[in-house]
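Enquirer: If you want the building blocks of each chain, they are given just below.
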Amino acid sequence: MRARRRRRPALLLGATALFVGLIATIASSQTPSPSTAPSASGSAPAAVGEVAFDHTIHAGKYGIACLDCHAYADKAASAGIPSGRKCMGCHKFVAKESPAIQKLAARFAEGESLKWQRVFYLPDYIYFSHRMHVRADVACSECHGDVASMKTVTQDRPFTMGRCLSCHEQRNATRDCVGCHK
Amino acid sequence: MTTSRRGFLGAAAGALGANLIVGCSERLPRYLVPSARPSDDVMPGVTRLYRTVCRGCAAACGATARVRDGRAISLEGNPEHPLSGGALCPQGQASIEGLYAPERIGTPRAGSGEISWEQAEQALADGLRKARDAGKLIVLLSRPERGSMGNLMRSWLTALGQKPSQVVTFDPVAAPWVGEGTRRAFGTEATPVNDLGAARFVLSIGHDFVDEGSPVEHARGLADLKAAGGRFVYVGPRLSLTAAAADEWLSVAPGTEAVLVLGLARAVLDLAGPAVNALPPSVLGALRGRLAAYDAASVAARTGLAAEAVQSLAEGFVQARPSVCMGPGRAVAGDNAATLVEAVGVLNAVAGNLGRTVRFLPRSQEPWAAPSMDLAELTRRAAAGEVGALLVHQANPLGFGMAFGALVRAMERVPFVAAFTNYLDETARKAHLVLADHHFLEAWSDDAPRAGVTGIQQPVMIPVLPTRAAADQLLGAARALGATTGLPSGTFAEVVRAAFDEKSLEHGGRFAPVEPEPVALGEGALAAVGALSLDGPADGLPLVVAPTLRHPNGLVPQGALLQEIPDPLTRISWSGWAELHPATAARLGVRTGDIVALDAAPGHAELPAHVTPRMREGMVAVPIGYAAPLLEDRGPALGFATRVQVRATGRKAPLISTREDRSQHGRPIAREVSRSSPKLPVLPPNPSMVPPVDHPVHRWGLAIDLDRCNGCGACVAACYVENNNAIVGALEVSRGRDMSWLHIQSFIEVTDDGTRASFLPVGCQHCSNAPCEQVCPAYATYHTREGLNAMVYARCVGTRYCENNCPYSARAFNFFDHPRDARARLGLNPDVTVRERGITEKCTLCIQRIRAGEEQAKFEGRALRDGDIVPACVGTCPSRAMAFGDLKDPASEISRWAADGRAYHLLEELNTQPGVVYLARRRDKAST
Chain A
1 MRARRRRRPA LLLGATALFV GLIATIASSQ TPSPSTAPSA SGSAPAAVGE
51 VAFDHTIHAG KYGIACLDCH AYADKAASAG IPSGRKCMGC HKFVAKESPA
101 IQKLAARFAE GESLKWQRVF YLPDYIYFSH RMHVRADVAC SECHGDVASM
151 KTVTQDRPFT MGRCLSCHEQ RNATRDCVGC HK
Chain B
1001 MTTSRRGFLG AAAGALGANL IVGCSERLPR YLVPSARPSD DVMPGVTRLY
1051 RTVCRGCAAA CGATARVRDG RAISLEGNPE HPLSGGALCP QGQASIEGLY
1101 APERIGTPRA GSGEISWEQA EQALADGLRK ARDAGKLIVL LSRPERGSMG
1151 NLMRSWLTAL GQKPSQVVTF DPVAAPWVGE GTRRAFGTEA TPVNDLGAAR
1201 FVLSIGHDFV DEGSPVEHAR GLADLKAAGG RFVYVGPRLS LTAAAADEWL
1251 SVAPGTEAVL VLGLARAVLD LAGPAVNALP PSVLGALRGR LAAYDAASVA
1301 ARTGLAAEAV QSLAEGFVQA RPSVCMGPGR AVAGDNAATL VEAVGVLNAV
1351 AGNLGRTVRF LPRSQEPWAA PSMDLAELTR RAAAGEVGAL LVHQANPLGF
1401 GMAFGALVRA MERVPFVAAF TNYLDETARK AHLVLADHHF LEAWSDDAPR
1451 AGVTGIQQPV MIPVLPTRAA ADQLLGAARA LGATTGLPSG TFAEVVRAAF
1501 DEKSLEHGGR FAPVEPEPVA LGEGALAAVG ALSLDGPADG LPLVVAPTLR
1551 HPNGLVPQGA LLQEIPDPLT RISWSGWAEL HPATAARLGV RTGDIVALDA
1601 APGHAELPAH VTPRMREGMV AVPIGYAAPL LEDRGPALGF ATRVQVRATG
1651 RKAPLISTRE DRSQHGRPIA REVSRSSPKL PVLPPNPSMV PPVDHPVHRW
1701 GLAIDLDRCN GCGACVAACY VENNNAIVGA LEVSRGRDMS WLHIQSFIEV
1751 TDDGTRASFL PVGCQHCSNA PCEQVCPAYA TYHTREGLNA MVYARCVGTR
1801 YCENNCPYSA RAFNFFDHPR DARARLGLNP DVTVRERGIT EKCTLCIQRI
1851 RAGEEQAKFE GRALRDGDIV PACVGTCPSR AMAFGDLKDP ASEISRWAAD
1901 GRAYHLLEEL NTQPGVVYLA RRRDKAST
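Taken in sequence, the protein lines are chains A and B. Quick note on my numbering: the first sequence kicks off at 1 and runs consecutively. Quick note on my numbering: the second sequence kicks off at 1001 and runs consecutively.
Calculated from the structure, these hints are not laboratory results. One thing to keep in mind: the hints can contain errors.
Unchecked claim - When the alpha-carbon atoms are kept at most 25 Å apart in a straight line, the in silico SDA-like pairs for lysine to any residue are as follows:
#1 A:115 <-> B:1865
#2 B:1858 <-> A:173
#3 A:96 <-> A:70
#4 A:75 <-> B:1066
#5 A:96 <-> A:141
#6 A:75 <-> B:1039
#7 B:1163 <-> B:1367
#8 A:92 <-> B:1037
#9 A:61 <-> A:83
#10 A:86 <-> B:1069
#11 A:151 <-> B:1033
#12 A:75 <-> B:1865
Source: prediction; values computed, not measured.
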């Protein structure tokens, strides 16, 4: 008797959650909202952009510093993705015969850059400044992982609030909600 | 199979999560696309500032555009510009809307459909060629263009074998009577400019100078005058925004404003100050003769004022040196307007104000300022079939209907009409060819609103749409016709660029004080005063055309923002109205919200009535944007007084209005102090059961000086733009669901001293002991260590308890998502989240700017300075009535304001301990 009484609300709750989930799916597919958060739980699927850019060659084998290409990371909130001009700075001379580089050169000649697959996301309602983290000597790899050893970059650790906060606590950085929530 | 409770819940939650993830993932931007050749000084996500000029109205204030990732996201004033002084009015703030407006057109059109630019250019050249070959006139009808564009239009006409004077200025909110009256009184073509800030006594004759004209400059001047202890008296039929700022509002019998000013001039003559004695005897004699009839007693009898009031007004005017009389404004501009300008000029002259608060600036010697065809001549010649092509540039005469009826009818006889425009407005819809023009933030130009002030209009971004600059279209057409003599070979942008060096580009223009012209009264001043007619047609109520910042060009604006933000005096949005005095309304059997029919000789209008003691009895006022159907076609501008028959229709249209209660119910909300003792009583601190809140480093606060504030609402508009506030539309506003974070609370109260209006900009008070924080079940709103009442949208579950518990009504709940189209999204401020349905929001004191200021100081390794952080409302305030800063820093500006004897907190008795400080307004006699 007692067991049955306990199970009923559980079943009801579960069914409600399923129903709400379904409704949420329908509602969200009907009204696109720019402020909805993506999943921050990590291990995003590997994906490749227009060319298969290999960090193990650039950052690994040749040891090019992160800031050489992600040039705004110490200056602005956004780290930046290398422009066509930046790529061509080297590839005018290096690996000219590779099909990927030829594609890059062709796009650049048209006045365009390559499209890059986005790997790391933060929700739209989060303010994050690369330059303040670089200034605080947070290594790029603390959040982005050992990119130099990744042939295709994946997000190998979660971008969750808990992770942000644990580091902020250790370093005595702001723990104010609106320090990051915008 | 048995399922445990825990297991089932887990599975259900998993299903919910999966559903949500599926729902979300499609919306993410999948690719990052960097610029191929980024400019060295542009960084993604970093705001850049460009100086330019606001072309929202003809005032042409200097502006600063904030540009992020290649798109303008907001406008601010240019602190170096003499007119804007770093501020912008509501229209200036809202003009950014036009860039991304869904109604904006990007392609040329002919007939009913879109055409290509090649076809459009061909059509323009063909139209002009036909007119030229037929030996007919080619005329340009343009908004005021006082600079390179005006010059170009003239040389373009010359190149086409036309007279350069065939540039007709269309400015429905000009005051053409000023030039005429000035010529008569002083025999000069110079432009009188008033310096309010330098005056100690301002008398406005129905001149609503903070509602129209150059409102930013005048709002600042007026606030400075009041702060320095000066006095402001307004004479007019309606307590307008300008009149509400006055120390005294007088109204005289309709049409007798001239009698009052002449009476004042005579009284000043009789007081025989130094300026009177310095007049040449012949002028003095002539004036005495012409003013003889205007003794205090007869002036009092005709105007309805007391004789003593006239005399004391005259004495106050002479004793305060310098003083200034301004006017007449649109609200009182009747047939006597030019005579009234003469009378005002004489009054200023005999009171010794010439050269001090009234300066006469020389007319420009540039080609654009040369005499040109006027609207009447264009109308006559077009009606006679002499005009073969009419190019309408950024003007919409058809929008005014009968008010420019003769011109509209004459335009039908013009075989080729082309319109350079941003919208498919009434004129464009009738034009044979529509050429989609750039927004002013996308094009090069310049504008010199007065001598010594030339602002550069610099494009701040690549055009949003495939529009083309009007000037380049003109040049292209001239080339197609082989008429290039005297025209630049390149683009108009190159012409403008060549006219300014890098330094003036950086400052936003060339600003150099100009020596005013020495001007003196002529013997002919007031020669025609005998012919002054004071009796209009006897039937009907005199119509007051009420200028408003919401209709800066005489029409209801295209954008939604200015319509959504309520008029500060009536709190009405999304609609027009007819203002009536309660006694007049009672006689007509009309109550607020009843639709009244207004009939005038030219036309008919139906508007909901707004019954208010702010009106003089026996008159009716209509905001200018809704007045056009009632106005006679009387020449180059709107506003010549007319009479209308008003009757009730028996129908009702509930006015769309929020926070309608206009009474303070005896509570000290919008507080006042008397001029003689400008101090509020010091209250004992409230006892509290909770320990005081600790703010270890900063305590951010906002101070608002109600003596400077004139209620214009520029702060509200700036807040909408900066914070991506949703515009919800008429229906939702009528349900009280507007999403404004800041509202102008206005109180209209009748006291022993007459009707007075008080304004109070109210947003979140950032309480240390905040009622909202205590009831939030989700910890979505909390107090930061820097004194902000913060809101974490991601935590909000929408209980609305906070909204319910806020004694200031500062919070707004999102009942719906208000989707923006792709173009409108370009104008969003990326630093501020777009809130979604189901959550509560409110003023953050521009947390994004605080964060940016703090971060910048930290990045530069220095302490934060007072003034590093400027919230949008503070930055745009034309009267400099707001200050933001650290209340813990005793040297900060806000701490100085907060230490003033006039400082108080709103609803202090509730012990909410707000971070927003108000400074009580000074009045002759304080009521609260």
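Enquirer: Would you check the hint for residue 96 of chain A and residue 70 of chain A, treating anything up to 25 Å between C-alpha atoms as holding?
Expert: 22 Å, holds
Enquirer: Is residue 96 of chain A within 25 Å of residue 141 of chain A, Cα to Cα?
Expert: This hinted pair is violated, its Cα atoms lying about 30 Å apart.
Enquirer: Checking one constraint from the list: CA of residue 1163 of chain B to CA of residue 1367 of chain B, max 25 Å. Satisfied?
Expert: 12 Å, holds
Enquirer: Holds or violated: residue 151 of chain A with residue 1033 of chain B, Cα cutoff 25 Å?
Expert: Holds, at roughly 21 Å.
Enquirer: Are the Cα atoms of residue 75 of chain A and residue 1066 of chain B separated by 25 Å or less?
Expert: 19 Å, holds
Enquirer: If you draw a straight line from the CA of residue 61 of chain A to the CA of residue 83 of chain A, is it 25 Å or shorter?
Expert: 21 Å, holds
Enquirer: Taken at face value, is the distance from the CA of residue 173 of chain A to the CA of residue 1858 of chain B at most 25 Å?
Expert: Holds - the C-alpha atoms of residue 173 of chain A and residue 1858 of chain B are around 13 Å apart, at most 25 Å.
Enquirer: Measure nothing beyond the straight line between the CA atoms of residue 75 of chain A and residue 1865 of chain B; if it is 25 Å or shorter, mark the hint as holding.
Expert: 21 Å, holds
Enquirer: Is it true that the CA of residue 86 of chain A sits at most 25 Å from the CA of residue 1069 of chain B?
Expert: Cα-Cα ~19 Å, so holds.
Enquirer: Between residue 75 of chain A and residue 1039 of chain B, does the CA-CA distance stay at or below 25 Å?
Expert: Holds, at about 15 Å.
Enquirer: Take a quick look at whether residue 92 of chain A and residue 1037 of chain B sit within 25 Å of each other, Cα to Cα.
Expert: 15 Å, holds
Enquirer: Does residue 115 of chain A pair with residue 1865 of chain B here, judged by a C-alpha cut-off of 25 Å?
Expert: Violated - the C-alpha atoms of residue 1865 of chain B and residue 115 of chain A are around 42 Å apart, more than 25 Å.
Of the hints listed earlier, those the structure fails to meet are numbers 1, 5, in rising order.
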